[in-house]
Amino acid sequence: KEKYLSYFSWKKDYVWGLSQFFTPFCDLCLRLHLDSKPNIIGNIHKWWFDGSCQAGHVLP
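Take any residue in the sequence shown, count from 1 to its spot, add 12: that is its number in our numbering.
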């Protein structure tokens, strides 16, 4: 049991940073928690597939 628990000892000192694993879901979560004016996308399918949603494109 001690060996098993010792395997996870690294977790107490591990520091996670955005640069290590940043996904569009991280960006979505960040934006959901910011105090900003809401942005309404009327047609999510068009926004996603017709070129508005691209790598590097930042939501207003």
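A few of these clues could be false.
As the list claims (entries may be wrong) - Derived DEER-like restraints, expressed as beta-carbon distance ranges:
{"id": "1", "residue 1": "Ile-52", "residue 2": "Lys-15", "range": "48 to 56 Å"}
{"id": "2", "residue 1": "Phe-61", "residue 2": "Trp-22", "range": "27 to 35 Å"}
{"id": "3", "residue 1": "Leu-17", "residue 2": "Cys-38", "range": "43 to 51 Å"}
{"id": "4", "residue 1": "Trp-22", "residue 2": "Leu-46", "range": "25 to 33 Å"}
Note that these hints are calculated values from the structure, not bench results. Cβ coordinates follow ideal geometry from the N, Cα and C atoms, glycine included.
Verification of the hints:
no.: 1; hint: Ile-52 with Lys-15: 48 to 56 Å; in the structure: holds, 54 Å
no.: 2; hint: Phe-61 with Trp-22: 27 to 35 Å; in the structure: violated, 42 Å
no.: 3; hint: Leu-17 with Cys-38: 43 to 51 Å; in the structure: violated, 30 Å
no.: 4; hint: Trp-22 with Leu-46: 25 to 33 Å; in the structure: holds, 32 Å
Checked against the numbered hints given earlier, the structure breaks hints 2, 3 and satisfies all the rest.
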